[in-house]
Amino acid sequence: MNDHTGPVNEKRGADMTTARKDAETPVDAGPPVTESPSSTAAEAAEPSEKAARRRPTGRLEAMALPLTWLAVIVVFSILETDTFFTSANAASILASQAVLVVVTLGLIVPLIAGDFDLSIGSVVGMSALVIAILNVQHGWNIWAAVVVALLAGIVVGLINGMLTVLLGIDSLIVTLGMSTLLAGVALWISGANTITGVDQTLVDVVISYRLFGIPMEFYYAIIFALVLWYVFAFTPLGQRLLVVGRNREVARLSGMRVSTLRIGALVTSAFVAALGGVLIAGTSGSAGPTTGLDLLLPAFAAAFLGSTTIKPGRFNPWGTVIAVYFLVTGITGLQLLGLQSFVQNIFYGGALILAVSFSQIIRRRRMKQGF
Amino acid sequence: MTNSTPLVRIRGLTKIFGGQRALDGVDLTIMPGEVHGLLGENGSGKSTLIKVLSGFHTPDGGTLEVAGRDVPLPLLPGQHRSLGFDFVHQDLGLVPSLSVTENLMLGEIASSRKVAYSWRAARERAAAMFARYDVDIDPDATVERIRPVDRAMLAIVRAVESIRAGAAAEGEAGANMLVLDEPTVFLPKQEVGQLFSLVRRITSDGSSVLFVSHDLDEVREITDRVTVLRDGRTSGTAVTKEISGRELVTMIIGRELAEHPHDAHAATTVGRDVVLSVRNLSHGPLQDVSFDLHEGEVLGFAGLVGSGYEEVVYSLFGASPGATGTISSGERTIDIASLTPRRAMSLGMALVPGDRKNSGSVATLSLGENMNLTVLDRYFRGWRLRHGTMRDNVRQLVTEFDVRPAVPDLEYGSFSGGNQQKALMAKWQQTNPKVLLLHEPTQGVDVGARQQIFDMIRGSTATSATICASSEYEQLETICDRVGIFVRGRLVTFVTGADITKARIADLCHGQASAPVPAP
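Top line first, the protein sequences correspond to chains W and E.
Under full-length UniProt numbering, the residue at position 234 of the first sequence is numbered 234, and the numbers go up by one with no gaps.
Under full-length UniProt numbering, the residue at position 285 of the second sequence is numbered 285, and the numbers go up by one with no gaps.
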């Protein structure tokens with residue numbers, strides 16, 4: 001009955017955090033069945049409504065990551081007052097990870113809609129390279145180059161979306177292939193060289209201009225988080241994407257354009273990754289064959305970690321922002337303590353595994369408790 | 001084993017969830033060789049009781065005796081096997097893509113220490129087992145390809161064999177109790193009889209079966225005694241033969257059900273306006289189905305499995321692509337092939353699908369989110385979704401439809417089956433449908449909620465016409481003005497008015513369908 005989804009394609013993606021135990025579960029823990037069946041529903045609801053509101057574990061769970069982040073900041077500030085607890089370090093942390101914030105925010109769109117996008121890292125690189133090549137080697141106007149880079153991102157997203165949705169191939173496979181393909185193209189068109197000398201105008205707009213001492217790209221990332229928050233929390237579109245991610249058949253039978261929404265989500269993540277490429281080109285003034293590739297795993301780690309906080313069990317923009325900065329704060333602090341750069345991989349990889357494990361554990365506990 | 005020693009005796013079993021007593025001093029005694037029914041509304045404590053027996057829940061009080069010996073509670077997970085219990089749940093626990101033999105031997109393979117496993121021997125043993133239980137299942141067939149009843153029987157045979165193997169390993173006959181938890185919910189009614197023969201064969205050697213079900217008729221047919229739970233307490237235990245259906249219902253819900261509250265049957269549909277004309281609908285098993293749906297009518301569809309009676313509602317909603325034919329509503333005539341759920345909704349149709357878990361709802365979203373899926377745009381005003389208004393409206397709606405507890409933010413999956421279904425009915429009523437399409441609207445729903453859903457269906461006739469495809473003939477008898485009978489993909493006849501009885505519908509569905517149903 002489900003026309004567009006292949007057998008391997010179902011129940012993936014966002015469900016990883018939600019441990020889809022299609023709950024026939026806690027039937028018995030439910031309503032306080034009152035003695036007289038004639039009592040009104042409102043009366044019957046009263047006690048459990050209170051029970052639902054009082055759920056201290058729920059609130060604590062939602063705030064666990066922000067609180068841990070604060071604790072990490074405090075600990076490092078005490079340990080390294082001179083190097084860590086400085087405004088320059090804070091500005092550097094906030095700005096240097098803006099690209100990761102943007103790319104991860106883009107990634108959660110398909111994740112919410114139930115699809116993976118593994119090509120985001122390569123799209124970042126492709127976009128940055130396109131700008132560098134057109135602007136530096138061909139002398140294009142920087143803004144024209146940016147537009148071409150963004151269009152290229154949209155095209156990649158459309159290809160990902162069409163193959164995934166219309167042919168019913170697992171998005172994991174499609175975007176994995178796309179990722180490798182684009183990495184190859186990047187190596188080819190760059191001639192394996194890093195291209196430097198991107199127009200200063202872009203560099204100015206991205207990092208040279210500062211507000212309260214923090215480069216502009218940080219604010220771009222925050223503005224984008226605001227936009228996504230608005231879409232997910234305050235528009236029907238956000239709600240629809242969520243339902244598509246949880247159960248495509250229900251979404252379809254409720255009159256939603258499931259295919260369009262899924263393709264749109266994959267186009268969004270690729271377009272946003274291309275925007276990330278623009279920021280990278282502006283940050284470093286250059287682009288190389290491996291630019292952006294190292295963003296993929298941190299983005300997934302932050303997305304899944306972010307789904308354990310603020311709105312536990314759901315990918316959400318502010319959880320994502322906090323997760324990115326939590327991870328980078330930890331890494332920066334440890335590096336300032338003298339640990340080598342291998343810390344980064346251990347931290348991101350570990351965070352991804354822990355984040356997914358935590359949300360699974362929380363989920364199970366809730367199922368058993370009847371919430 | 002003497003007949004006077006109970007096989008299993010539970011006394012004073014209590015389980016408290018967050019201050020609420022899910023079980024409140026439940027007593028249950030199961031004798032050797034009996035089929036013991038366990039009845040009760042959702043939320044009455046049936047599943048909690050079973051989960052205590054399987055070692056999932058730790059009880060807060062009570063004792064358990066097995067074959068006369070005290071067994072300390074809580075049971076460890078898996079301990080039930082050494083006590084001689086096993087469970088077959090609604091979802092059966094089969095792997096659809098594996099063969100019958102592979103599924104049958106899953107447990108054995110899991111615990112086998114052998115490096116090489118002889119599939120030929122396994123296959124022969126499977127065939128021998130099926131022969132012993134007089135069950136006709138092809139050991140080589142893939143499970144997803146066999147009939148639903150064969151799947152259920154496969155799961156049951158597997159469970160019984162595991163009990164026997166466990167007993168043999170312990171060197172003594174254990175309790176040998178099989179717990180069947182709603183085994184018939186997903187089965188077509190006409191295949192249930194085969195399952196029951198298997199149950200009788202199992203009990204013929206002194207094994208017992210605890211049969212958990214919603215379906216009174218089935219419980220009355222198969223069980224020797226029955227225990228009813230209500231609000232976590234034992235409402236009573238009775239010898240099935242000595243108790244009437246009405247008495248059972250009274251034990252279950254604690255009040256008497258109104259006898260047929262609707263006398264709408266007499267109302268004729270002749271002369272009423274036609275809301276929807278369906279012409280030459282063909283899809284899968286359906287061939288050239290044509291009928292008119294009248295204003296305010298409740299039209300039932302019935303037939304055997306494979307007759308296609310349930311396909312009509314999905315085809316009309318554009319839910320299963322590939323259908324052909326036309327529908328006319330007023331002046332407009334529309335090609336069914338061009339229908340999508342979205343288009344059907346814009347034409348004023350609403351579909352409450354039979355598979356509530358997979359097609360009707362998202363268990364992990366809240367009640368409110370599930371109910372608002374179809375009307376989100378209404379609440380998008382001034383560039384933002386009005387969450388407060390949405391919550392208020394949902395609260396009002398669930399109060400009106402008696403969904404309990406009336407808390408919009410609770411996870412949908414935490415509601416009982418009956419409340420889930422009422423919420424889905426409310427979800428679609430919000431769209432003010434002109435045509436309400438229902439498939440098995442009371443599947444897995446307790447007796448009280450069943451009646452409420454019937455009332456909703458009858459109550460909506462002022463504003464909409466309803467098509468209800470159901471394998472429960474009694475339900476059709478209660479709610480329908482007219483029932484269409486499907487035989488091998490064709491709509492062969494209608495029953496109207498006083499002719500709509502359970503027996504008449506069953507006769508028509510079966511009587512003319514003696515020849516094998518051609519493959520779709």
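A few of these clues could be false.
Unchecked claim - Once the Cα atoms are required to be at most 25 Å apart in a straight line, the calculated DMTMM-like pairs of lysine to aspartate or glutamate come out as: (1) W:Lys311 to E:Asp402; (2) W:Lys311 to E:Glu310; (3) W:Lys311 to E:Asp392; (4) E:Lys434 to W:Glu249; (5) E:Lys357 to E:Asp402; (6) E:Lys357 to W:Glu249; (7) E:Lys357 to E:Glu310.
Keep in mind the hints are simulated off the structure, nothing from the lab.
Against the structure, the hints:
| no. | hint | verdict |
| --- | --- | --- |
| 1 | W:Lys311 to E:Asp402 | violated, 29 Å |
| 2 | W:Lys311 to E:Glu310 | violated, 40 Å |
| 3 | W:Lys311 to E:Asp392 | holds, 21 Å |
| 4 | E:Lys434 to W:Glu249 | holds, 23 Å |
| 5 | E:Lys357 to E:Asp402 | holds, 20 Å |
| 6 | E:Lys357 to W:Glu249 | holds, 10 Å |
| 7 | E:Lys357 to E:Glu310 | holds, 17 Å |
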